[in-house]
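For reference, the chains in residue letters:
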Amino acid sequence: MMRGVRTSRWLIAIPMTVLALATIYPMLFTTNVAMKTQREYILDRFSPSRSVQWDNVTTAWTNGGMAQYFINSLVVVGVAVVLLLLLGSMAGFALSHIRFRGSRALFLGCLAALFVPFQVIMVPLVRTMADAGLVDTYPGLVLAYVAQFLPFTIYLMASYYSGVPREIIDAARIDGSSFYGVYRRIMVPLGVPALLSTGILDALFCWNDVLIALLMMPSPEHRTLMVGVTSLRGQYSNDIPAFSAGVLIAAVPVLLVYLIFQRQIADAVTAGATKG
Amino acid sequence: VPFPGSPPSVRSACAGRTEGAPASTPSPVKQAATRRRRIGREHLAPYVLLAPAVLVLVLLRLWPLLLGVNFSLTGDGERNGTPVGLSNYVELFRDPLFGTALRNVALLVLLLPVAVAIPGLLATFIFLRVPGHRFFRSVYFFPAVLSPVIVGTIFNLLLGADGPLNAAFEAIGLPPVDWLGEEEVAIFVVVAVHVWATFGMSLVVFLSGFATLDTNLLDAARSDGASTPQVIWHVIIPGLSRTIQFVFVTTMIGMLTSMFGLLFVMTAGGPGGSTYLPEYYIWIQQGQMNRPALASAASTVLFLVMLVVGLAQIALLRRGMREE
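Line order of the protein sequences matches chains A and B.
Reminder that position 83 of the first sequence reads as 83 in our numbering, one-by-one numbering, no gaps.
Reminder that position 43 of the second sequence reads as 1043 in our numbering, one-by-one numbering, no gaps.
Chain A with its partners taken away, still in its complex shape (with noise of 0.2 Å):
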């Protein structure tokens, strides 16, 4: 009985194998096709390549302007998550542990708001920005990614804040620290790891976006790098190793954030499903 227990085990662990390997392969292949001169590419596409070579990435990065794209998307994205951060655990902790007339309407309000997909607000939104003369700028993109992401952050902070005990929070108080004193130097240290992990999903989210990028940076300057790949396979559509290297561009960051913080990332992915 042991025995068939473990056997069927490993059988299947076999499909679940051929699974994972499927699930690296696409990331190997293109890695691999990085590498290759453009001649060996025509004549073996699947052969490991036979030096590793980065001048497709240096074609990429200067002549496919995917080194602007990178400081674009780095500087946007940079300025967005603290700002979703700021915002969200201010917000967070007041819905968490501060009675006050309306907290319940508002947070239902934040909830519902988490329900509305940008695809349902995205026309009105950009006439907005555009009235407001901000497509096409730095500040209308980061505020449209709070905007989109903000909803997320509250509800991931608000349910981290809710599990600090309140007598940490009323020892405070009763030393005469307000409101402003108690978030400053108890939620925000305390909050750090939640804070962490999901600031790195809010970054994973704006790194990877492309619909809210394409609409509010129409000119070809100021592209995302995601925007930027998808206007490198023109350019580059006879090149397909340089055109693989610029993916490769966009994906090393993201992959370099999932090695050193998967836990975190796993982490806020549950929490929202857990407490929810």
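Simulated from the structure, these hints should not be mistaken for lab results.
Given the structure is predicted, the values throughout are model-derived calculations rather than measurements.
Cβ coordinates follow ideal geometry from the N, Cα and C atoms, glycine included.
Keep in mind that the hints are not guaranteed to be accurate.
Claimed, not checked - Partial selection, computed: residues in chain B whose CB lies under 8 Å from chain A:
1. P1052
2. L1060
3. P1064
4. L1065
5. P1143
6. T1153
7. F1155
8. L1159
9. T1257
10. G1261
11. I1284
12. S1296
13. S1299
14. F1303
15. V1305
16. V1309
Unchecked claim - Selected chain A positions facing chain B (Cβ under 7 Å, derived; list incomplete):
17. I12
18. L28
19. L87
20. A112
21. L114
22. I121
23. V146
24. N208
25. L211
26. S231
27. V269
Since chain A is already given, all that's left is putting chain B on it; use the hints.
Just chain B now, with coordinates in the frame of chain A:
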């Protein structure tokens, strides 16, 4: 649900201070004044803390939502701004492309159980400690952090006429397939790629659900001689009802709102408009056709579809769980 459930920091803390204050300082009048000012300021604290977030949400989410519904009732082009009643909606439902988009939504709803079952089953095996479960867990989750744009471009290479998949087909003697060029096939390919790219998210959610499962129950079932399928059916599925419900709803929302990147990169709605989804239709009407009012009407329909599908799912699943 995290909620400002417990009482009142504002009042109790202020009361505490009132008791302590008079003993220490010489000027009670001045003290009282500061205290009043302070209490006044403290009353405002939650509103001050929330103000920036609420401002952003009202201006950039709530206001556009209302504006959009209103906007869908006005005209495009020359009739810009003039009310046209429901004519945008009439045009929308006469447009065969939007019809295809809605038909594809129905297809997604039909495929939904598969998209939920795959991560559910894999999570079950990982939970039951299949050899190498840690490795599987971290590998499967990886595509979930990649952008649809990256995933789409990579799969364009893989699915190309001379790409690895067709090479594998050739090796086992099958004819090559034009994966993204045939109307009957393309939408399934795109959905499959979407599932490949997102099942890791649901997998992690399922695994966190397993962590809350009562292990005593599992052990009891095991020692009673229940087989693995029996354990899954009678212990795990009922025990995970809330998680399953959550995954159903989030997977549906994901399918309806985060396939734009894939469609944009892989098919651009084609071939022959066969891979249109409402979100892609909205984008085309807004960005390419310069029909923002028509796009707004499509947005409103998408919103209603999501509302109906979401509520129906929750109702169905609730009833299913009760019958268990």
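(message) Would the hint on B/I1284 be counted as holding, given a Cβ-Cβ threshold of 8 Å to chain A?
(response) Status violated, d = 12 Å.
(message) Under 8 Å is the threshold here; is the Cβ of B/S1299 close enough to any Cβ of chain A for the hint to stand?
(response) 5 Å, holds
(message) Please check whether B/F1303 passes as an interface residue: C-beta within 8 Å of a C-beta belonging to chain A.
(response) 4 Å, holds
(request) May I ask you to test the interface hint for B/G1261 with respect to chain A, counting a Cβ-Cβ separation under 8 Å as satisfied? (result) Interface hint status for B/G1261: holds (5 Å vs cutoff 8 Å).
(request) Mind checking the CB of B/F1155 against every CB in chain A and telling me if the closest is under 8 Å? (result) 7 Å, holds
(request) Tell me if B/V1305 is really an interface residue toward chain A, meaning its C-beta lies closer than 8 Å to one of theirs. (result) Status violated, d = 10 Å.
(request) Hold the hint about B/T1153 up to the distance rule: shortest CB distance to chain A must be less than 8 Å. (result) Because about 5 Å separates B/T1153 from the closest Cβ in chain A, which is inside the 8 Å limit, the hint holds.
(request) Report holds or violated for the interface hint on A/L28, using the least CB-CB distance to chain B and a cut-off of 7 Å. (result) Because about 10 Å separates A/L28 from the closest Cβ in chain B, which is outside the 7 Å limit, the hint is violated.
(message) Given a cut of 8 Å on the nearest C-beta pair, is the interface hint for B/P1064 held or broken against chain A?
(response) OK, holds: B/P1064 within 8 Å of chain A, min 4 Å.
(request) Would you check whether B/S1296 satisfies its interface hint, that is, whether its CB is within less than 8 Å of any CB in chain A? (result) 5 Å, holds
(request) Under 7 Å, Cβ to Cβ, is where A/V146 needs to be relative to chain B, so tell me if that hint holds or is violated. (result) With Cβ-Cβ at 6 Å, under 7 Å, it holds.
(message) Quick check on A/L87 please, does its C-beta sit within 7 Å of some C-beta on chain B?
(response) 5 Å, holds
Violated hints, in rising order: 8, 11, 15, 16, 18, 20, 21 and 26; the structure is consistent with all others.
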